[in-house]
Every structure is written in structure tokens, then in C-alpha cells.
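For the protein sequence lines, the chains are A and B, in the order given.
Sequential numbering of the first sequence, starting at 562, is according to our numbering.
Sequential numbering of the second sequence, starting at 1223, is according to our numbering.
Hints are computed from structural coordinates only; laboratory data are not their basis.
One or more of the hints may lead you astray.
[Claimed, not checked] Taking lysine to aspartate or glutamate pairs in the EDC-like style, the calculated list, with each CA pair at most 20 Å apart, reads: (1) B:Lys1487 / A:Asp692; (2) B:Lys1487 / A:Glu798; (3) A:Lys853 / B:Asp1341; (4) B:Lys1282 / B:Asp1436; (5) B:Lys1390 / B:Asp1408; (6) B:Lys1509 / B:Asp1436.
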Amino acid sequence: MNRRAAALLLALGALLVALPHVAGSYALSVATLILYFAYTGQAWNVMMGFAGQLSLGHSIYVGVGAYAAGALFFHYGIGPWAGLWLAIALSVLIGLVIGFLAFRFGISGVYFALLTIAFAEFTRIGFDHLDWLGGPGGMFLKVAQRDQIDLANFRGPPIMYYYAMLALSAAALALCAWLLRSRAGYYWRAIREDEEAAQALGINTFRWKMLAVTISSAMTAISGVFFAFYYNNLFPEQIFNIGRSIEIILGPVIGGVGTLFGPILGAAVLTLLSDGITEALAAFGWEIPGIKQVLYGLVLLAAIMFMPHGIWPALARRIGVDR
Amino acid sequence: MSWDLVVNVVIAGVLTGLVYGLMALGLSVIFGVVRVVNFAHGEMMTIAMYATVMLFAALKLDPFLAVLPVAAAFFAFGYALQAGLINPFITRPEHSQFMLLLAVAIVMVNALLTVFGPDARNVQVDYQLESFELGPILFDRARVYAAGAAVLATAALFAFFRFSLTGKAIRACADNYLGARVAGLDVKRLYALTFGIGSICVAVAGGAMVLLVDVTPALGPYYTLLAFVIVIVGGLGSMPGALLGGILIGVSEALAGLFIAPSAKSMFSFGLLILVLLLRPQGLLGKRP
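Full structure from sequences and hints, please.
Structure representation (C-alpha cells):
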């Protein structure tokens, strides 16, 4: 990282830390959402951007993580700090099962992507029939007073969730930066570029791909726990929806797959774009259902056509920092 | 539970499955030749269904007549989509192609929502309430006609790829891209033609499907997933495989709806998909690559 990049990163960090003191409650919720997608995008990027394994079913890790910690809290009053470990353990277990089956049986590319969709959909319908977890009617966590910070149960005002998400995103960025420079990062990129060549060089591709799945699913499970305690209601139909998996990958794809800042930039651009379209349509009085997503889809289409490598690589070159 | 109920449900599943099979055939042909997974497949299916419903509402056109103009329009649309949008993406990585077609799908499903709203639409023709009887076994007339149309379209497609020169040229592109170019084939044009033909499959399947279910914009993503499940189970790129996969999924959905719960029906489809991917990743009738 050159000095200019370090200075920019420091300025961005300071801005984000100071933000709640200048922004209103609406802006704060948008910022929290951006950080949430920056974090989940970073988690997905470990698997696809670094190791080249296209997952279209990351909602399974969000959902299982959210339901694991949520159920412990809902049924037994056990707080999220303990639930977090169950969430991570279950998500990693599922990730390892999917990874083991896929990599052992030589499933890759499009087929791997479809396998991840299949597991997520299978789980979604399964949760719809689990009455212990509320089934299709959903599971609702008790909402506490919003003005007090109760860290033990992760209950408090929006500003607490904002800082929690900021800390998570910063940690994810640091972890990914470290991973890219570690042995795993080099092996992953070798596998991504040419798996057979990597294997020929003596890399145990199975093991390193499993490591990518483990890290990615564990990171995503944490976002699920956050989701459960931030929104307080969980529906299988929503949380395991393929649309959720797509939301996760949009940020990194638009920002730049495989880059460190792509997921963050992509999350910010897309969230602000979606919000901007909503506001503009409201201002014109065109609030017909669906029209917002039509415009959103058209912008996505243009972005993917004209910036196939994402926004960040082009921007990084422009402002003179490395990707 | 009486056996004739089960038999009736299985027959309905087979007939619906043939229509599913035709829809999936479109996906299979496109993937087999162009090597691009059409993530907007189910959304195109719902557009065909809405088009048929609109022609019926405006002109009282029977769905089996409406299918002709819809199919022609879909061929042109598919050709243009491939020539204009997808051809430049042929050499790009898979996730890039996925995002492109996903964006197309988002635009399609929400354009339908904007124009038609979220309410279900359908067609009502007199033969929908009638059935052929064979002792205690009933064949819904609409379902038989829909399946018949699907079989007819499939047979036409088989003949096209087997006997016509263009069909052979397309198969050559699928077999060996470089070889096809060396032999002087205009591969990009043949790709566009293939996407157009795949779109015709979708149009006919959509026209037949409106006789069996009500259409809502939300059906699009569901059909996309269903089409994936069917072609993977049957074997991507295998034409008989798509039909077999369609029938299997149709029957398993029908039986799961009868014995367990209608809401659990696609769980079996996805379970079947996972099993096939693991045990026979090339699909039931696919060739090992």
C-alpha cells in the first residue's frame, strides 16, 4: 500500500467513525446497511474473488447463522455472544459439507453455483416446515428499550449497531488484506487462475478451497447473527431467498471481484443508487410497484456491460493507488 | 388413499412435466451450444404467459393460436438478445455472464410487475373443465392438449437439429467452436439463431402453461430454478434428458403435493438435484465430458 492509499483509508475511517455525530437517524440506517453489504460482500469475495469458487447460495450461511443465534435467544434467553459460536459452527459445518461434496465429486463452475443454490433453496423450504423455529410465520425476537445499551444481549440504539457493523467491516477488510498476502492468498489465486496448473505445482487444491469455504461461511454467519438482532424478525422465505444471495454478490461484482475495496465501494454505490432511485421516484410521484427495480436492473446492466472488472480497478488507477 | 387418485395425480404430473420439459429444453439447447446459462429463462417464460393471456383477453384468441405470433416475437427477441447483449460476453468469466442475465431477469420480472401488477391472471376456455375418461382415470383435456403441444414442439426441434443444414451447423458449433469457424460458419449468427430457437421453446411452453396455472410476475424466478433443476437432472445439453427431467420433476412435485404438503413440493426437486449432481453430475442421460 502506498502512502496516498494509506492517507485515503485513514480519512475514510475517520469519516465513518465521526458519521453518527453529524448524520440523522435515516442516514445512519443507510450507512449501517452499506456497511452490512460491504461486510457480506467481503465474505463472499473470499470464496469467489480469491479462490474462484462461485457461490450463489450465501443466504444459507446468513440464514443458518441468524436462526442459530436467534433460536438460542428466543427459546432459552441465551445472548448472541454465545449464540455466535453456534452460528459459526453450524454455518461452517454446512459450508464444509457442500464444499466436500462439490470438490470431492469434481463439481465446478456453473454446476457448483447451481449446487449452492440448490442447498440454499432446500434449506429454505426445510425451515418453512420447522415449527420450532416459527415456520413460515417467522420468529420474532423480543425488542428491548432502544435508549439503553445492553451489550450482553446486543440490544441498544441504532448507533450501537452502526459501530458494531463498522467494526466488523474494518475487521473483515484487515483480515482479507492479511489473507491476500498470506500463503493461502497466493495459493487461492493460483487455483482461481488455473486449478490444474496449481495442482501440478503440488498445491493441495481441495484443502485450500475448503479453507476458503470455511472462512467465507464463518464470516457470513456473523452477519446473520447481526441480522437477527438488528431486525428482530426472521422469515425463511426472506432470509434464505435467492434474492438475498444475489444482494450479497452484487456489491463485489459491481465494485470489483477479487479486490479489497471493491466490495465496500460496490455496497456504497448500490445502496445509495437504490435509495436515490426511491427518492427520485417519490419526488416525481411515480410510485408504481416494480418500476424502481426496473431502473436498478438497467443500471446494473449498464455497469456490467461497460465496466466488466468493476468500478474499483478503474477508480484506483484514476486516483493513483494500487488495487 | 385410493390408488386411482394416485394414478390420476401421476398422470397429471407426467403431462405437466412434458410442458416443463419443453421449457427446460430451451435452456438446455442454449447452454449446449452457446455455453451460457440463461438466468432469465423463467422470466421469459412468464412474459410468454402474459403475452398469451393478453392476446386471449383482447382478441379471444385461443392459447394454441396465440402461441404462433408469440413464438415468432420470441424468436426475434431471443435473436436480438444474443446478438446485441450476450455475444460480447461469450469470452468473459462465468460470474460476469451470470450478472448480465440476472440484470436482464430483474428488468423483466419488474417490468411485468409495473405493467400488470402483482395479481394473478389466467385464461378461461371451455375445455379447461372437461376431461377424457378411461374408467376411473381422468385426463384433463387442457393438460392433454398442453402436453401434446409440448411433444409436438419437441419433435419439431429434434427434426430441425437432426435433418436441417442449419441445425447441423449449430450442432457443429456446439461440438467444436474453433472447427466450426475454420469450416467457415458464422458462429455468432448461429449463436443468435440458437438463442432464438431456445426462446421459441419457452414461448410454446408458456402458451401451454397458461392453461394449467395462473400467472404472476413472481413465477419467473421459480421457473428459472425449475428449469435448472430439470436440465441438470436430465443432463445439460441432452434433449431427451430435458424431457425425462421434466417428467420426473412434474411427477415428484405432484406426488409431494399429494402425500406431504403442496408447499414442500420443490424441496424434492432440489433434493433430487443435489443427488444427481453428486452421483451422476452429467445428468441421467448426459454424456460424460
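We went through each hint and held it up to the structure:
1. B:Lys1487 / A:Asp692: Distance of about 18 Å is within 20 Å: holds.
2. B:Lys1487 / A:Glu798: holds, 15 Å
3. A:Lys853 / B:Asp1341: holds, 18 Å
4. B:Lys1282 / B:Asp1436: Satisfied, since the Cα-Cα distance of roughly 17 Å is no more than 20 Å.
5. B:Lys1390 / B:Asp1408: holds, 13 Å
6. B:Lys1509 / B:Asp1436: violated, 36 Å
Violated hints amount to a single one, hint 6; each of the other numbered hints is respected by the structure.
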